[in-house]
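Trainee: Next come the chains, spelled out residue by residue.
2 protein chains.
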Amino acid sequence: MRPDIVFIGAGGAGLTAAFIIARKRPETRITLFSRDPVVAYSQCGMPFVLDNKIESFDRLILYTPEVFKDLGLDVRTGVAVTGVDLDARAVTLEGGETVEYGKLVFSTGSIPFIPSVPGVGLRGVHRLLTLEDGRSLARAVEGAKSAVIIGGGPIGLETAPAFLDRGIEVTIVERMPHLMPSALDPDMAVFLEDYLKEMGATIITGKGVESINGAGKVESVTVGGETIKADLVLMAAGVRPNVELAKKAGIDIGPAGGIDVDERFRVKKNGRALDDVYAAGDCIEEVNAITGRKVVCAIGTVANRQARFLAEQLMGNDVPYGPVLCPAIAVVGDLHVGSVGLTTMACEAAGIKPVSFKARSNTRARYYPGGSQLNIKLIADGERIVGAQLMGKEGVHGRVNQLTLAIHKKMTPSELADVETCYAPPVSPMIDPITYAAEMLALRCKKGKR
Amino acid sequence: MRPDIVFIGAGGAGLTAAFIIARKRPETRITLFSRDPVVAYSQCGMPFVLDNKIESFDRLILYTPEVFKDLGLDVRTGVAVTGVDLDARAVTLEGGETVEYGKLVFSTGSIPFIPSVPGVGLRGVHRLLTLEDGRSLARAVEGAKSAVIIGGGPIGLETAPAFLDRGIEVTIVERMPHLMPSALDPDMAVFLEDYLKEMGATIITGKGVESINGAGKVESVTVGGETIKADLVLMAAGVRPNVELAKKAGIDIGPAGGIDVDERFRVKKNGRALDDVYAAGDCIEEVNAITGRKVVCAIGTVANRQARFLAEQLMGNDVPYGPVLCPAIAVVGDLHVGSVGLTTMACEAAGIKPVSFKARSNTRARYYPGGSQLNIKLIADGERIVGAQLMGKEGVHGRVNQLTLAIHKKMTPSELADVETCYAPPVSPMIDPITYAAEMLALRCKKGKR
Numbered sequence: 001m002r003p004d005i006v007f008i009g010a011g012g013a014g015l016t017a018a019f020i021i022a023r024k025r026p027e028t029r030i031t032l033f034s035r036d037p038v039v040a041y042s043q044c045g046m047p048f049v050l051d052n053k054i055e056s057f058d059r060l061i062l063y064t065p066e067v068f069k070d071l072g073l074d075v076r077t078g079v080a081v082t083g084v085d086l087d088a089r090a091v092t093l094e095g096g097e098t099v100e101y102g103k104l105v106f107s108t109g110s111i112p113f114i115p116s117v118p119g120v121g122l123r124g125v126h127r128l129l130t131l132e133d134g135r136s137l138a139r140a141v142e143g144a145k146s147a148v149i150i151g152g153g154p155i156g157l158e159t160a161p162a163f164l165d166r167g168i169e170v171t172i173v174e175r176m177p178h179l180m181p182s183a184l185d186p187d188m189a190v191f192l193e194d195y196l197k198e199m200g201a202t203i204i205t206g207k208g209v210e211s212i213n214g215a216g217k218v219e220s221v222t223v224g225g226e227t228i229k230a231d232l233v234l235m236a237a238g239v240r241p242n243v244e245l246a247k248k249a250g251i252d253i254g255p256a257g258g259i260d261v262d263e264r265f266r267v268k269k270n271g272r273a274l275d276d277v278y279a280a281g282d283c284i285e286e287v288n289a290i291t292g293r294k295v296v297c298a299i300g301t302v303a304n305r306q307a308r309f310l311a312e313q314l315m316g317n318d319v320p321y322g323p324v325l326c327p328a329i330a331v332v333g334d335l336h337v338g339s340v341g342l343t344t345m346a347c348e349a350a351g352i353k354p355v356s357f358k359a360r361s362n363t364r365a366r367y368y369p370g371g372s373q374l375n376i377k378l379i380a381d382g383e384r385i386v387g388a389q390l391m392g393k394e395g396v397h398g399r400v401n402q403l404t405l406a407i408h409k410k411m412t413p414s415e416l417a418d419v420e421t422c423y424a425p426p427v428s429p430m431i432d433p434i435t436y437a438a439e440m441l442a443l444r445c446k447k448g449k450r
Numbered sequence: 001m002r003p004d005i006v007f008i009g010a011g012g013a014g015l016t017a018a019f020i021i022a023r024k025r026p027e028t029r030i031t032l033f034s035r036d037p038v039v040a041y042s043q044c045g046m047p048f049v050l051d052n053k054i055e056s057f058d059r060l061i062l063y064t065p066e067v068f069k070d071l072g073l074d075v076r077t078g079v080a081v082t083g084v085d086l087d088a089r090a091v092t093l094e095g096g097e098t099v100e101y102g103k104l105v106f107s108t109g110s111i112p113f114i115p116s117v118p119g120v121g122l123r124g125v126h127r128l129l130t131l132e133d134g135r136s137l138a139r140a141v142e143g144a145k146s147a148v149i150i151g152g153g154p155i156g157l158e159t160a161p162a163f164l165d166r167g168i169e170v171t172i173v174e175r176m177p178h179l180m181p182s183a184l185d186p187d188m189a190v191f192l193e194d195y196l197k198e199m200g201a202t203i204i205t206g207k208g209v210e211s212i213n214g215a216g217k218v219e220s221v222t223v224g225g226e227t228i229k230a231d232l233v234l235m236a237a238g239v240r241p242n243v244e245l246a247k248k249a250g251i252d253i254g255p256a257g258g259i260d261v262d263e264r265f266r267v268k269k270n271g272r273a274l275d276d277v278y279a280a281g282d283c284i285e286e287v288n289a290i291t292g293r294k295v296v297c298a299i300g301t302v303a304n305r306q307a308r309f310l311a312e313q314l315m316g317n318d319v320p321y322g323p324v325l326c327p328a329i330a331v332v333g334d335l336h337v338g339s340v341g342l343t344t345m346a347c348e349a350a351g352i353k354p355v356s357f358k359a360r361s362n363t364r365a366r367y368y369p370g371g372s373q374l375n376i377k378l379i380a381d382g383e384r385i386v387g388a389q390l391m392g393k394e395g396v397h398g399r400v401n402q403l404t405l406a407i408h409k410k411m412t413p414s415e416l417a418d419v420e421t422c423y424a425p426p427v428s429p430m431i432d433p434i435t436y437a438a439e440m441l442a443l444r445c446k447k448g449k450r
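Residue numbers (UniProt numbering), protein chains in the order written: chain A, 1 to 450; chain B, 1 to 450.
It is possible that part of the hints are untrue.
You can't tell identical chains apart in this list, so a pair holds if it fits in one copy or across any two.
Claimed, not checked - Using 35 Å as the maximum straight-line C-alpha spacing, the simulated DSBU-like pairs for lysine-lysine come out as follows: (1) Lys69 with Lys410; (2) Lys449 with Lys24; (3) Lys24 with Lys447; (4) Lys69 with Lys358; (5) Lys393 with Lys197; (6) Lys103 with Lys229; (7) Lys409 with Lys447; (8) Lys69 with Lys446; (9) Lys409 with Lys229; (10) Lys197 with Lys449; (11) Lys248 with Lys409; (12) Lys217 with Lys447; (13) Lys409 with Lys446; (14) Lys269 with Lys53; (15) Lys248 with Lys229; (16) Lys447 with Lys248; (17) Lys294 with Lys248; (18) Lys447 with Lys269; (19) Lys103 with Lys447; (20) Lys248 with Lys446; (21) Lys247 with Lys449; (22) Lys53 with Lys268; (23) Lys24 with Lys229; (24) Lys410 with Lys446; (25) Lys197 with Lys217; (26) Lys69 with Lys197; (27) Lys353 with Lys24.
Worth flagging that the hints you see were computed from the coordinates, not collected in a lab. Given the structure is predicted, the values throughout are model-derived calculations rather than measurements.
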């Protein structure tokens with residue numbers, strides 16, 4: 001029988017939405033097609049399996065096929081969708097079979113960006129997208145003596161300690177002038193760079209990879225004229241929305257490179273939203289809540305949140321999905337790196353004149369042992385808080401969420417500084433670092449106006 | 001020369017305000033009188049010195065007399081003020097000396113509440129207010145085999161592990177039906193009670209102490225007819241505003257038992273605010289932001305925050321101080337107990353019909369080892385969030401501050417559920433427990449309205 005809803009892709013967005021609908025409307029016939037032979041695993045967990053924090057890749061599998069069956073979900077793994085016929089309301093599978101749909105969802109996710117340099121096809125060049133990628137990298141790590149990580153984003157950096165802890169010589173290459181350029185300003189990235197250097201990593205920023213070299217298997221990487229030995233290479237130069245199939249079907253792709261959807265997740269064709277055809281997850285672009293510009297925000301929490309809104313739409317509840325702030329946290333070794341909203345650089349790119357304040361504090365009362373240094377940068381547009389960056393070995397996660405709330409509520413630094421906070425010597429200083437940073441930022445904003 | 005400002009009491013409120021003014025307006029002549037021979041130490045840190053988490057009581061001293069001298073502060077320790085003459089604008093010291101003032105601040109703090117039962121004066125009955133109290137208790141702990149803690153509030157409970165870790169038999173007696181009754185509802189207090197029982201403590205709730213028994217030195221405590229052996233007793237039955245001096249001077253005491261001040265911290269006489277006479281810290285009462293009722297909120301963060309507002313007033317900047325939510329966190333062993341706003345019980349007492357939801361979650365992704373169970377209770381008045389209680393071994397502090405912000409901004413559960421959150425497997429589940437609890441609470445509120 002024709003499924004009511006067909007999902008192309010069963011990652012964070014597709015599978016989560018399908019789960020919600022299956023639970024709340026069990027009569028809905030749902031089919032999901034996944035190119036990946038395994039679904040329902042945590043991509044974000046893979047760096048920590050490689051670092052032996054989690055005992056096996058199997059632990060990352062969140063739901064077994066039995067769960068899908070119990071929910072009445074038809075999950076077809078290892079099956080690629082090769083075409084979509086919007087007029088015939090059908091998808092074509094590898095092999096030629098066609099499947100009609102009532103409603104269609106593009107939840108095709110993202111694909112790692114592979115720079116077009118010679119040698120990317122050599123053996124020993126890894127990526128970290130699927131569980132199989134993870135297992136393959138885990139095997140390659142055994143016996144490796146040197147590794148080059150191409151890309152200074154969260155996935156590459158979270159994986160670096162797995163290499164370093166095994167005594168592998170690690171070089172991280174980031175094309176932009178500093179690590180995590182989309183989350184951090186240079187004056188904050190420096191703390192992360194220092195931390196990784198202390199762990200033994202070599203960091204090369206502001207230079208792109210020229211070639212990956214070797215005979216069959218990777219032997220070295222050339223960066224800025226210099227050749228670096230490498231038994232393995234991890235391609236972690238970010239991801240791009242996987243829009244190939246949507247593009248082929250004539251669906252609009254937005255300025256940020258993702259599928260252009262409206263606030264009901266409906267895809268568009270020639271600027272007009274289509275009924276019954278949706279897209280969600282890493283493959284779409286969305287609206288930044290501060291600048292109003294289109295952005296791609298390919299992180300698990302965003303996909304999961306979209307799925308919850310999408311599920312409502314698919315069940316006929318019109319709960320519009322709004323602009324985003326994309327709060328994020330990465331855990332690099334034991335350093336927590338958090339961010340939300342705009343960086344100073346992103347402000348400038350959007351024509352906003354940023355005012356910022358950087359504070360350094362302890363995470364505990366100064367007499368209480370075992371705490372960590374906490375670095376905080378708060379950014380305002382002169383009036384309201386628009387961004388924050390935090391780094392420390394504890395106390396980052398909750399503060400990122402707190403600041404997300406403050407930015408969401410369009411708070412001024414001075415209003416945030418006035419909000420009460422809780423305190424106990426083992427978990428915070430008496431005056432919270434956010435209170436202090438907000439107070440100082442308020443003074444700077446005031447000064448700037450004079 | 002006559003001081004511009006005289007502070008009676010040099011605790012969290014008085015000393016902090018004096019510090020701020022001394023830094024910003026160094027020409028101000030400030031005198032502080034402290035009955036305590038030592039000032040500028042952290043009371044909140046004492047339980048953790050007793051538990052050997054902090055190496056000595058000296059570590060709790062935050063500023064030495066040299067710092068006061070450098071700041072030009074005249075801090076007179078070990079000096080009791082015995083009277084205030086508001087007409088003559090002068091205070092009288094023990095011994096008879098009088099000191100005139102330009103402005104006067106009552107920052108007299110709080111005093112432990114000592115229930116009037118026979119035997120409270122016996123040797124071996126301790127309290128934990130001053131550093132000297134702490135040192136005396138530390139000496140008593142050596143060699144003690146049994147201890148009774150009278151009062152199930154934060155200070156007593158934070159101290160209990162120090163006894164238990166030494167193998168001392170501990171009985172905690174709380175007059176109310178459950179522990180931490182002002183912060184927790186019974187259905188949350190039970191987790192704390194279970195935790196303490198697992199550590200080996202005996203907990204008696206709903207019964208008051210009838211007598212403390214012994215010949216010269218405490219030997220036992222009688223509770224509900226039962227006699228419990230005790231080598232030492234810790235009186236931790238809460239604190240009361242220290243208003244004796246203010247009362248003697250004819251200053252108004254409010255319905256909650258604290259000095260009645262306006263939003264400029266001016267004390268009142270017969271309902272009229274006095275110029276140049278202020279009070280702040282544990283000795284005053286303030287306004288609960290949700291109920292509008294007068295409350296006493298004797299915690300360090302509140303005193304510190306008041307001090308920052310009071311300092312502005314004393315420097316001539318009219319920044320009014322508003323109602324409070326009193327977020328708080330206690331650390332009992334390795335369990336963090338957080339709360340903000342109203343409990344269900346406090347709602348009922350204020351005529352608010354509470355709607356609540358209780359969630360249990362992990363603090364990390366479910367496959368990531370080493371996390372803790374996190375118990376959360378969110379409370380709404382049917383419309384907006386008005387209170388929260390959290391308990392876990394990590395992830396409590398930041399969430400209390402986040403929820404404080406949500407309550408401060410009068411958010412509904414559904415709005416809070418929609419706010420983005422950050423995620424990484426080692427520090428949080430994909431869907432934050434707050435998001436989930438808020439979502440479920442929103443449903444309950446909706447249901448309640450139908």
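Trainee: Tell me, which hint numbers fail for this structure?
Mentor: 1, 6, 9, 10, 11, 12, 14, 15, 16, 18, 20, 21, 22, 23 and 26
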